[in-house]
Structure formats: C-alpha cells, structure tokens
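Engineer: Chains S and U supply the protein sequences, listed in that same order. According to our numbering, the stretch in the first sequence is residues 1009 to 1469, in order. According to our numbering, the stretch in the second sequence is residues 1009 to 1469, in order.
Read the hints as simulated data drawn from the structure, not as lab findings. Since this is a predicted model, take the numbers as computed values, not measurements. Incorrect hints may appear among the rest.
A pair counts as met if it fits within one copy or between any two copies, since identical chains are not told apart.
[Claimed, not checked] Calculated cross-link-like contacts (lysine-lysine; reagent style BS3-like; alpha-carbon spacing at most 27 Å):
{"hint": "1", "residue 1": "Lys1131", "residue 2": "Lys1465"}
{"hint": "2", "residue 1": "Lys1465", "residue 2": "Lys1417"}
{"hint": "3", "residue 1": "Lys1149", "residue 2": "Lys1014"}
{"hint": "4", "residue 1": "Lys1014", "residue 2": "Lys1278"}
{"hint": "5", "residue 1": "Lys1099", "residue 2": "Lys1014"}
{"hint": "6", "residue 1": "Lys1413", "residue 2": "Lys1278"}
{"hint": "7", "residue 1": "Lys1234", "residue 2": "Lys1265"}
{"hint": "8", "residue 1": "Lys1234", "residue 2": "Lys1201"}
{"hint": "9", "residue 1": "Lys1465", "residue 2": "Lys1201"}
{"hint": "10", "residue 1": "Lys1413", "residue 2": "Lys1149"}
{"hint": "11", "residue 1": "Lys1234", "residue 2": "Lys1413"}
There are 2 protein chains.
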Amino acid sequence: MRLLVKDMIKEVGNAAEVEVCGWVHRIRELGGITFVILRDRSGLLQLVCSDEAAGDRDGPCTAHGESPSGTGPLTLESVIRARGIPAANEKAPGGVELRVRSLEIISRAEGDLPYQVNGDSSKVGLEALLDNRALSLRNPKIRAIFKIQAAIIEAFSAYLRSQDFTEIKTSKLVGGGTEGGAELFEVEYFDRKVYLAQSPQIYKQIMVASGLERVFEVAPAYRAEKHDTPRHLNEYVSLDVEMGFIESELDLIELEKGLLSYIFAELERKNRAELDLWNAAVPDAASVAGAPVIPYEEAVKLANAEAAKARGGGGRIFDINPEAERLLCEWALREKGTDLVFVNRFPRRYRPFYAYPWASGTSVEAAGEGAVFTMSFDALFRGLEITTGGRRQHDYQALLEALPKFGLKEEDIAGYRVFKYGCPPHGGFAIGCERLTQKILGLANVKEASLFPRDRKRVSP
Amino acid sequence: MRLLVKDMIKEVGNAAEVEVCGWVHRIRELGGITFVILRDRSGLLQLVCSDEAAGDRDGPCTAHGESPSGTGPLTLESVIRARGIPAANEKAPGGVELRVRSLEIISRAEGDLPYQVNGDSSKVGLEALLDNRALSLRNPKIRAIFKIQAAIIEAFSAYLRSQDFTEIKTSKLVGGGTEGGAELFEVEYFDRKVYLAQSPQIYKQIMVASGLERVFEVAPAYRAEKHDTPRHLNEYVSLDVEMGFIESELDLIELEKGLLSYIFAELERKNRAELDLWNAAVPDAASVAGAPVIPYEEAVKLANAEAAKARGGGGRIFDINPEAERLLCEWALREKGTDLVFVNRFPRRYRPFYAYPWASGTSVEAAGEGAVFTMSFDALFRGLEITTGGRRQHDYQALLEALPKFGLKEEDIAGYRVFKYGCPPHGGFAIGCERLTQKILGLANVKEASLFPRDRKRVSP
Chain S
1009 MRLLVKDMIK
1019 EVGNAAEVEV
1029 CGWVHRIREL
1039 GGITFVILRD
1049 RSGLLQLVCS
1059 DEAAGDRDGP
1069 CTAHGESPSG
1079 TGPLTLESVI
1089 RARGIPAANE
1099 KAPGGVELRV
1109 RSLEIISRAE
1119 GDLPYQVNGD
1129 SSKVGLEALL
1139 DNRALSLRNP
1149 KIRAIFKIQA
1159 AIIEAFSAYL
1169 RSQDFTEIKT
1179 SKLVGGGTEG
1189 GAELFEVEYF
1199 DRKVYLAQSP
1209 QIYKQIMVAS
1219 GLERVFEVAP
1229 AYRAEKHDTP
1239 RHLNEYVSLD
1249 VEMGFIESEL
1259 DLIELEKGLL
1269 SYIFAELERK
1279 NRAELDLWNA
1289 AVPDAASVAG
1299 APVIPYEEAV
1309 KLANAEAAKA
1319 RGGGGRIFDI
1329 NPEAERLLCE
1339 WALREKGTDL
1349 VFVNRFPRRY
1359 RPFYAYPWAS
1369 GTSVEAAGEG
1379 AVFTMSFDAL
1389 FRGLEITTGG
1399 RRQHDYQALL
1409 EALPKFGLKE
1419 EDIAGYRVFK
1429 YGCPPHGGFA
1439 IGCERLTQKI
1449 LGLANVKEAS
1459 LFPRDRKRVS
1469 P
Chain U
1009 MRLLVKDMIK
1019 EVGNAAEVEV
1029 CGWVHRIREL
1039 GGITFVILRD
1049 RSGLLQLVCS
1059 DEAAGDRDGP
1069 CTAHGESPSG
1079 TGPLTLESVI
1089 RARGIPAANE
1099 KAPGGVELRV
1109 RSLEIISRAE
1119 GDLPYQVNGD
1129 SSKVGLEALL
1139 DNRALSLRNP
1149 KIRAIFKIQA
1159 AIIEAFSAYL
1169 RSQDFTEIKT
1179 SKLVGGGTEG
1189 GAELFEVEYF
1199 DRKVYLAQSP
1209 QIYKQIMVAS
1219 GLERVFEVAP
1229 AYRAEKHDTP
1239 RHLNEYVSLD
1249 VEMGFIESEL
1259 DLIELEKGLL
1269 SYIFAELERK
1279 NRAELDLWNA
1289 AVPDAASVAG
1299 APVIPYEEAV
1309 KLANAEAAKA
1319 RGGGGRIFDI
1329 NPEAERLLCE
1339 WALREKGTDL
1349 VFVNRFPRRY
1359 RPFYAYPWAS
1369 GTSVEAAGEG
1379 AVFTMSFDAL
1389 FRGLEITTGG
1399 RRQHDYQALL
1409 EALPKFGLKE
1419 EDIAGYRVFK
1429 YGCPPHGGFA
1439 IGCERLTQKI
1449 LGLANVKEAS
1459 LFPRDRKRVS
1469 P
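My request is simple: use the sequences and hints to build the entire structure.
Structural biologist: Here it is in structure tokens:
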C-alpha cells in the first residue's frame, strides 16, 4: 500500500515497512551511502540506501525493475517504488527519511535528460522552458504555477455559485465575429468556414436573457493577434461572468471585488506552500475593497501626471496603454495601498457596439446613442489589465441604431435578435486566467502561466 | 430592493410593499382582473393586477416603461418590475401571489414571438427547439437540463478534488491527430494548419508524468464525424480524468463508480426540482457499486444471446455497437438491478495505439505487444456508451513497437517522447457530459443536452 510523502512523518517510530512511489529528483553518493531524493505529488523525501539499511538483501539502490527498461543503474527522473523504515532526520526535507530495504525501478529514465528538472528554473530562458514543457512542468516551482491556477478556477466557480450563478458551457465555433474579423482563426467546418470564438459574449448574454440571469463560464478563447508580447496569448482561459438586473458597471465592479477577495483568501488559506515558492503575497480583503474606480478621462490625466513625475514632461499618454496601466497601479499602491485599480467610463470608440452608453448629468436611460462614453470598465492588477467588462445595451432598437458607427449591419448581430423578446439590463466581465495567475506569482511572461501556450510559432507540445 | 420569487412566501402577512423582476410567462384576463405569471431565475409567481390592488394609482397592468420600448400593452416575455403586497393563495404557484400596486415594463417583447416559451416543450420538434434556441432555453423544463448539467460539472470536479486530483486546462489547438486524421477539424493558424483537439489525451498523460499524478479537465472536444445521429455531437464537453500508479483498468472502473455515485447523490440532494420536471430518477449508490464488469468477448456473446431472446436468431452482433449497448443495459437492469454496465478487455484493433495490452494467464507486464486484448473499458449507462477509458502504455519502447500496427511512425507521437524520462503506470477515462445529461433525464437526442449544439448543418446561434 503506497504512502504519500507528506504522510511519512506520521510513520516515524513505527517499525513497519512502508512503500513510497515517485520520481528520482536527486542522487548523491556519500561514503558508500546513496541518498536519493524522491518526488511525488505531495512533496520530497530523502531515501537512504546503504547495505546496513538493506540488511541481508541485495544492495537496494542497484535495483531490478519490473520491466526490461527497469534494469540498470538508477537515473534522475526514473519512476521508482521504495520500501523501508521511516526515521526522523532534522536535516532531511520534511524532517523524515526512509531507510530503504528494497527499491524497484518502475520506469527507468534514459540518461540524456534534455532539461534539468531539479535545477533553478529562474535561470532557464523562456524558450527552453517551453520547448521542454513536458519536463519543465516536473520542477516543483513550475508545477506550483498550475496548482495556483487550479485553485483560482476552483475559487472563481465556488464564489459565483454562492452568489446564485450557474455554470454554462457554450460553443467555441461561431459563424462570424463581430469584434474584429482580422483577429479570428478560421476553421474548416465540413463544407463551410467558421471561426474560433474570441469570447462567449453573445452566448452569455443569451443565457442571462434565458432566465438563468447569472451565469459564468470557464473556457478557452482565441485571438489571432500577431504580436508576441509578455502579455499576449493566442489561446487563453477566459473566466467569464454575466448577470442580469444591474444598474451600471459599478454593480459589476462590486461583484469583481468580492470575487477577487475570495480568490485571494482561498489561495492564502490553501496554497501558502505554492505562493512561498514564488515569494508571492496576495492582497488582503481591505485593499481589494479599497481599490479606486477612476473614470477614463481622469485616469489618462493621472497617468500623464505620473509619467511627468517619473521622467519629466508627460502629456504623451493618450489612452490606457500598457504604460498607463503600470503607472496607474504604481499610483494606487503608493497613494491607496492597493494592487488593484478600476478604470470606468471608457469612450465608445474604444468599446464594442454592445457597450451601454453613459453621459454625464443624464439619467442612465437618457444617455442615448449620442453619448461619448460607456458604462464599461477595465480592472488593472499589479500593472496589467486583467479584466474588461461593462453594462451591455439590452434594447434591440438601440443596438440597431449603434451599428453604423461600428461598420456593422443588422445581419451581423443575428444572435442579438432575441433581445426583441424581453431582455433585462445586464452586464458582465471576463478575467484572463493566465494574466491573473501571472500577476499573483510575479511571472515575467504570461506564457509561463499557460500549460501549453500557443503563439505564432508554438503549436506543440 | 428586488426579492426573488422563491423568497416571496416568507413575506406573506407582512404589509410592506415588495419588488420582483422577471419575464412575463403567462397573461390571463378574468372578470376585469389581469393575472400575470412572472418567471425569474428562482421560479414562477402569480401577479394579480386589479384597480382594487393598485389603490388610487393608474391601472397597474397598463404600465409605462423606463424606455421607449417599455410603453404599450403587456406582452408575453416582456421583462417587468412589479411592486405590491404578497398574499397567500393556495391555488397560485408556490402558494403565494402578489397584489400588484405598480408595474413597469423594463424591456417590452415584440408581439411576434417565434416560439411559444410557456408551451409544452415535449410537443416541439428538435429542429424548432434548436432553431429557436435563445427562446426555447427560457422554458423552465428546457432550462432545467442545463441546471442539471452545471450540477454534474460541479460534482465531477468536487469529487475528483476530494481524491487529490488537480484541474488542468490544456490547449485545444494541436499540430496533428493520432486517433484518426479524417475526423479532425482543420484550423488556419497564421501561416500553417493545426487541428482542433479530439481529446486532451496526450496532455493529460503528460500532466500525470509531470508529477501532478492525478488530473482532470472539463473542456470542449471536437470530432469531425459526418454522421448525424441522436448520440453524436461535433463539439462536446469532455469530462476527462487521468491518474498515475494504477495496476489495471479495474482501478479506473472503481474510481468511475465512486465518481458517478457522488454525482447522482448530489443531483438527488440539490436538483430534485429539475429532475422532477423530467420525471427522472438517478441510480442509488448500491446499484452503481453493483454494476457488472464484463470482458468484451463475453459481452458480445451476452448481447447476441439477448438479441436472440428478443427477436429469435441472434449471432448477428459482432461488436459492442449501439444495439449491443442497449441489450447489455437491458440485461443488467433485469438481472442485476443496475443502469450501469462496464465492458473491459477490448481487442487491440478497436483501441488506440496507446492502450495497454492484456493477455489471459500472464502477468500484467508479460502481456507484451503480441497481446490481442487491452486493459481498456467502456461504461454503458441506460443503453448508451458514456465513457471510454483504460490503462495506457507508459513504456516508450513498447509504444514504439506498437506503432506499425496502427500505421504510425515515431514522429507522429512526438509528444510521448517524455515517457523516455520516467513515466508511472497510468490510465484514465472521459465521460461525455452531454450524454450523461441526456441519459439522466431521458432526452431523446444528445443535442438537447448541448446549449448551442454543433452538427453538420448547425453553426448558429
């Protein structure tokens, strides 16, 4: 019966033989004794292989395996099964070691390992890390990224369910795109062409209008963008949210604050070990709650003022570009003690046709098609935009009136026709899962936060 | 402050005005009084609109809305806000009704509703149901399918997490397919071609070998199959599982039994209302635990014997085809009192190159490449295959030796090269989420269990 490494400490003092299985993380010979560090999903364990520990048996660390590939000397990354007696050892990882009585190679690793799994991953370049993805993921620090990501997805889903949201799974194959045709991947679908969905936008809106009212989806999204930057992926995991019966984007910002607070608290509670590997801290609830909400025009002014302070001059920032994102976050951390900033009321020209208009000094409903601004927002976290969202136009006539401004025709938005038959005021947002992971852990490139990232050059493994 | 319909009953006897929002499900005029059934995400509520209830206000059911489209008479599917006083009424849904004092049309539905939302959905043909998907989903019985599906995904994930599995998200864009090139959808990926993944097979195996050991994924999978049957979708949600350190497929069958038991128990506990709409029952834990495991050759014989009983003759079933799936399930229900049957030890010719060989009378390891059978299995549930799985070949040399039988070369399985560097014995399975949903509720066609199904003809909405 196999025991996990993390449970080994409980067996110290017990004279019974126990069994562990895992990968050979490290091998060290010292005075006729072989020390093997074994790695399983729960941690690292020191195995001590000596004639003395093995008693009258064969030398335990020149074991024979169960299959032809199991014979021969022990190699790094081989999968082994070891049996022995646990003993306390303060210097060993976890304070315990296993005095090995027998060792079996289940799957012997060839000696020409193309990537050093037990090395310092911070000294490996991104290309080497990704070219050897199947091996680099074995490094405990690299693997920790994806334990964190799994925890983010779990907490995201749990929080939204607690708020009466229903999980949906929608098609990623769509007849056309309404948010920029040039950024769509084309799919040969039998005798026609379809596209990979850039987001579940129309579907989550339909599902609000279906009466579910509150929905979320965790699914891949695709952008055929040609740029290769530390913030872009061509395929990413989109954490999507949409809800009915809201007044404005401020309701959504409140929801996202609650959601992020919960995610951070869950990581702190359950993933301290993985956070520690990256020296990472998560924001506390008070700092998330205190995140400022800055209207777009003010945010641009603020970013310019910050730029002027930093380098003299200023006035060169005309949009919430990556530099502005970084400057606004630096300002918020310094002045408000928070890692999070919301920018709202983006101009219509920067938002899709379905963004709900907003105008100063008018009621929500009176803003109308002439409005310059929208009830939309971005969330910036530690210098990076992690969310775009906003209230959507739910009135079909108003949608139609907006189309010419965006070069669209009624047939381009056929999916929205259901809004003719009753649709509540609604809105939503999407969090880029890899970007959130990246910024929680302080990764230099968002590709590090994708198990098998896709970019212009990379489509394998 | 909006109140949900399900919470209305608690307000009876309270003289304070309350507010509800939702869709107009039904309108009935009776003796100068308008009865409106309002539908929100939590249920149905009767609104009583009369001059008496409205007091000295305008007649409440000829309300004015907040936007131009809000004016005019009340129509089915309009989204409204009503305020009034709750009162007990045994004949009303939920035992409560709202005596309306004011009513506002938030979003007026046009009168030419192309689909009758409040009708009997069982009398609507599949094409009409799917052509009008955005509206048919508003029917509470249709929507219940997707509350059940959300609960399946939640329970699937929760159970596996409780067994120390980690959720992964892998790429759906792959360089090539190794399980039948003809069934792949081609994607234009910048200046090259890639394919939509048929399954996360290679990735979940890599993730077991990465040291996570136990992983699961909930994600879309794609099959470019041309047939249009009640059991096929071209895009479906695959519930994937993979685990290391197993002995045989029997470990996986045990895991799947525990998993399905948990899913069924959770549905029973939390989704009784949705199950009732479909007159659906879920299997109990004892019947799942008692599901027989029948080796392929015996299963084919048994299916023939059952066919002979049913129609005389028999001997015409040469594989576990849809007829055999149905007959085996009928047999299991009659003889073992269970809805679930496992068939294992499929012949190699029916399984992919990575299936682990099995041979009678030999040890697991000795079966070798000459073996006729594999450590693989299917799960059949209520007459339909819902799962394929099995132990995989973890020895890279053995994989290479198997390739010629399958018309493959080493470069076709480049992703498996990591198995040269230590891979534990492992295996896994995938459950078709829509098929499981279909069979739990007794839906005639699997497309009914997909929010926005994709088939040869259908790529919208």
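Engineer: Does each hint fit the structure? Answer for all of them.
Structural biologist: Against the structure, the hints come out as follows:
1. Lys1131 / Lys1465: within (23 Å within a copy, 52 Å between copies)
2. Lys1465 / Lys1417: Between copies, since 24 Å is at most 27 Å while 35 Å is not.
3. Lys1149 / Lys1014: Answer is within: at 17 Å inside a copy they meet the 27 Å cutoff, but 48 Å across does not.
4. Lys1014 / Lys1278: Answer is within: at 15 Å inside a copy they meet the 27 Å cutoff, but 35 Å across does not.
5. Lys1099 / Lys1014: Within one copy only: 16 Å inside, 60 Å across.
6. Lys1413 / Lys1278: Close neither inside one copy (48 Å) nor across copies (47 Å); limit 27 Å.
7. Lys1234 / Lys1265: Neither: 32 Å inside a copy, 46 Å across copies.
8. Lys1234 / Lys1201: both (21 Å within a copy, 16 Å between copies)
9. Lys1465 / Lys1201: Both: 23 Å inside a copy, 12 Å across copies.
10. Lys1413 / Lys1149: Answer is neither; intra-copy 49 Å and inter-copy 40 Å both fail.
11. Lys1234 / Lys1413: within (26 Å within a copy, 41 Å between copies)
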